[in-house]
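Engineer: Please build the complete structure, drawing on both the sequences and the hints.
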Amino acid sequence: MPAYHSSFLDYSQQVGNMAILPLRTQYRGPAPTTDKDMDIIDEAIYYFKANVFFRTYEIKSEADRVLIYIILYITECLKKLQKCISKSDGLKEMYTLAISKFDIPGEP
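According to our numbering, the sequence shown holds residues 1 to 108 in order.
Please note that a few of the clues may not be correct.
[Stated by the list, open to error] Straight line, CA to CA, 30 Å or less: simulated DSS-like cross-link-like pairs of lysine-lysine:
1) 36 x 60
2) 60 x 83
3) 79 x 49
4) 80 x 49
5) 49 x 87
6) 101 x 87
7) 49 x 92
8) 49 x 36
9) 83 x 101
Don't read these hints as lab results, they were simulated from the structure.
Structural biologist: Quick look at the structure:
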């Protein structure tokens, strides 16, 4: 069974070998907005269970790299939430993780 790859292949904007993909949001930011049913965040959550078990993953596009980083971030969130007892503890941990520095693989 092969790993699932991102369906966002037609976006040419990129920064640091990562695609700048549209997000389904009401807030203005550096990423463009979209009205489609699924954005890259939804795609990462949808394919998380299937892709997390693969040791190697062939990167076919810059969108795949974004998908991998989001899956790594989801994994980190789940590790932090596993230790929490209550919902308020979980919210505090997620806020702390959101403002902390997240190490990207390959960075010194």
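Engineer: Take the hints in turn and mark each one as holding or not.
Structural biologist: The hints, checked one at a time:
no.	hint	result
1	36 x 60	22 Å, holds
2	60 x 83	35 Å, violated
3	79 x 49	15 Å, holds
4	80 x 49	18 Å, holds
5	49 x 87	23 Å, holds
6	101 x 87	23 Å, holds
7	49 x 92	25 Å, holds
8	49 x 36	22 Å, holds
9	83 x 101	20 Å, holds
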